[in-house]
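Participant: Single-letter residue listing:
Number of protein chains: 2
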Amino acid sequence: MEKKYTDFRNNIYQKISGYVPGEQPESNDWIKINTNENPYPPSPSVVRVLQELAKNPSLLRKYPNPNGEPLRSSLANMYNLKPENFIVTNGSDEALSLIVRIFLDQTRTAAAPEITYSLYQTLVMSVGAKYIHAPMKNYTILNVSPEALEESGADVVFLSNPNAQTGEFIPLNILEKLISKSKKLWVIDEAYNDFVDIKPSSFLHILKEHENVIVVRTFSKSHSMAGMRIGYAASVNPVIMQGFLTGKDSYNEDVVSILTGKASLEDGEYLHKVIQSVQLERTRMMTEFLDRNFLVLPSEANFLLIQPPESKKAHDILLKLKEQKILVRHFNSPLLAKYLRISIGTKEENNELLKAIDFIVSS
Amino acid sequence: MEKKYTDFRNNIYQKISGYVPGEQPESNDWIKINTNENPYPPSPSVVRVLQELAKNPSLLRKYPNPNGEPLRSSLANMYNLKPENFIVTNGSDEALSLIVRIFLDQTRTAAAPEITYSLYQTLVMSVGAKYIHAPMKNYTILNVSPEALEESGADVVFLSNPNAQTGEFIPLNILEKLISKSKKLWVIDEAYNDFVDIKPSSFLHILKEHENVIVVRTFSKSHSMAGMRIGYAASVNPVIMQGFLTGKDSYNEDVVSILTGKASLEDGEYLHKVIQSVQLERTRMMTEFLDRNFLVLPSEANFLLIQPPESKKAHDILLKLKEQKILVRHFNSPLLAKYLRISIGTKEENNELLKAIDFIVSS
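Taken in order, these protein sequences are the chains called G and A. Note that the working numbering has the first sequence beginning at 11, numbered continuously upward. Note that the working numbering has the second sequence beginning at 11, numbered continuously upward.
It cannot be assumed that every hint is accurate.
[As the list claims (entries may be wrong)] Partial selection, computed: residues in chain A whose CB lies under 7 Å from chain G:
(1) Gln34
(2) Thr45
(3) Ser55
(4) Gln61
(5) Glu62
(6) Leu63
(7) Pro67
(8) Pro74
(9) Asp103
(10) Ser234
(11) Leu255
(12) Thr256
(13) Val266
(14) Pro344
(15) Leu346
[Stated by the list, open to error] Dumping the calculated DSS-like pairs for lysine-lysine here, alpha-carbon to alpha-carbon at most 30 Å:
(16) G/Lys140 with A/Lys25
(17) G/Lys14 with A/Lys191
(18) G/Lys14 with G/Lys92
(19) G/Lys65 with A/Lys335
(20) G/Lys191 with G/Lys140
(21) G/Lys72 with A/Lys14
(22) A/Lys147 with A/Lys14
(23) G/Lys25 with A/Lys92
(24) G/Lys193 with A/Lys13
(25) A/Lys14 with G/Lys187
(26) G/Lys193 with A/Lys25
(27) G/Lys218 with A/Lys14
(28) G/Lys357 with A/Lys72
(29) G/Lys72 with A/Lys191
Simulated from the structure, these hints should not be mistaken for laboratory data. Predicted model only: the values in this text are computed from it and were never measured. In this text, a Cβ means the ideal position worked out from N, Cα and C, and glycines have one as well.
Chain G with its partners taken away, still in its complex shape:
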């Protein structure tokens, strides 16, 4: 007879399920292009910080700076804002989690595009708020409709820019026009923004005039630091920032992440080089897939959403790639069933992928 355990969870947690991240194999013999990690190592300046800390381990025994300094001030310098406009977080996921807890509740509603980072929905549900899928503008190439977000009637809207899964980038001038007239709180998640070709691409550059915007960013993608859990949120609205300070754990970011994050941020030259390599490979891979009669969505991120030619099923290809130790991503949602999402790897990894796909498609 099975033991029956008491369910102490609150009413909401008894009903919801968590976000399911992409697979993380333990061994290193995979071509892992399923979770949009950067294929290049972090900046050499990150290594120097680790070496310094190894010489001075007593730094670890003390609590870190509660405001993520000196990383916070470094961010403020870079974007010509004030340190108090930033909160450093344990990955951008923590920033998103704080946002739902501080700005939503069971009486409020959030909206996000029908196709986007599904964590938004998971988080919104976890505080009992209502979640609206704002319809896409176009169901073939899955364009985001910022207007549908504005017209959704939600209190808070989430916009991933470039959009998660599709890679579409909404230019700043279009967003600004809409947001200037909006009464909603806009959360602009710029996880992939550093990979955009058109500059300036970050809303941070025009944040000053918009008190109804929170920009969320991460070091996981462009800075090659997913393992370090470094993110941040920025707003010029002091009431929003007060909310973050009230809601966050006192010491929410560790000292190694703070110091390596600062070092990486200040090595702009290396970052630029890495981003350029990813952009070049992205362009090449788009062409390669188009040559093979795949539908390829125009992407400004470090991944491509691709649809294999009619007869081949996306999920079958994923399984066959897995047999060859290549991990890509497939999403269960009906709108994405025909697609695969592949992260841009190194040139060698990308060539391996193409070779494997050619073999699968021809057999």
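We have chain G already, so just place chain A on it with the hints.
Facilitator: Quick look at chain A alone, frame taken from chain G:
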């Protein structure tokens, strides 16, 4: 004319204020005995991990293990439990924050001793739950009453063991007797538990039989790793653990913290040495303060709660110590107004403190 900003915060966040941690001065010329940090550096094995990571920075570009492995399995081995009984968290504060979000809501009530870690109340209020101060057993030496917690009528009770601020340890057999008959969810916060003289001191050793208990622990105190933000929660109730998995961020602990935490955990010899040094200094400092006619609460933690002789005011002494670059802690709550809390420092730091206090008291 001052600009008026829109308040997007939910109704709860418009009313509450955050936890205020102890002061963290930037410079290193302070004797900092205000936040119960360990005065000794972390284990040499932690340094070796940092050196290894500096040689292999590509590890940082990938997401960390979502379950905090291999630290989680190492914890399971140590306490003869299963890996799935543990969740690794970004400091024990994250574990506590998850607990209020998963097991409380606006219809539920939490209780904690009147004198304890004030973060419990801050967190409970942040989800709109009711908070009950369970009265102390004795208002001179501020004894915790576990019976008052059980009789509080709360759904969830928080017990810091040893208790924060006072250092009192409730023996396991007393707790077990009460908890075996309890229908409540008990959260036993063992932040200071490694410093207890009587062994076994951790509820983890008897956790198997108690599905209504969550044990919360941290690497910030005994492991000298406050800067790394490593904590964990443990329960043998799979429904509780499911709640944690649903509520936590996918990658809530970074790879450097996971790997250095494991290294520290497995260096039991160094840990033992550090704990013994703190215990020895604790005994010496108790005697020193008693010799000076201070009231000293019996403490099993790495701090002492002391009350200066009648004529001297605690807060005045704090200010005068600060002039001499010695930071101690004072709490505003009426029951603690006459006390100072001092962390156990190195022998040299403790001697400096005694010298400074002798000077202040005699002048």
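Participant: Each hint needs a verdict: does it hold in this structure or not?
Facilitator: Here is what the structure says about each hint:
| no. | hint | verdict |
| --- | --- | --- |
| 1 | Gln34 | 6 Å, holds |
| 2 | Thr45 | 6 Å, holds |
| 3 | Ser55 | 10 Å, violated |
| 4 | Gln61 | 5 Å, holds |
| 5 | Glu62 | 9 Å, violated |
| 6 | Leu63 | 6 Å, holds |
| 7 | Pro67 | 5 Å, holds |
| 8 | Pro74 | 5 Å, holds |
| 9 | Asp103 | 4 Å, holds |
| 10 | Ser234 | 4 Å, holds |
| 11 | Leu255 | 6 Å, holds |
| 12 | Thr256 | 4 Å, holds |
| 13 | Val266 | 5 Å, holds |
| 14 | Pro344 | 23 Å, violated |
| 15 | Leu346 | 19 Å, violated |
| 16 | G/Lys140 with A/Lys25 | 23 Å, holds |
| 17 | G/Lys14 with A/Lys191 | 17 Å, holds |
| 18 | G/Lys14 with G/Lys92 | 54 Å, violated |
| 19 | G/Lys65 with A/Lys335 | 26 Å, holds |
| 20 | G/Lys191 with G/Lys140 | 23 Å, holds |
| 21 | G/Lys72 with A/Lys14 | 39 Å, violated |
| 22 | A/Lys147 with A/Lys14 | 49 Å, violated |
| 23 | G/Lys25 with A/Lys92 | 26 Å, holds |
| 24 | G/Lys193 with A/Lys13 | 16 Å, holds |
| 25 | A/Lys14 with G/Lys187 | 21 Å, holds |
| 26 | G/Lys193 with A/Lys25 | 22 Å, holds |
| 27 | G/Lys218 with A/Lys14 | 14 Å, holds |
| 28 | G/Lys357 with A/Lys72 | 18 Å, holds |
| 29 | G/Lys72 with A/Lys191 | 40 Å, violated |
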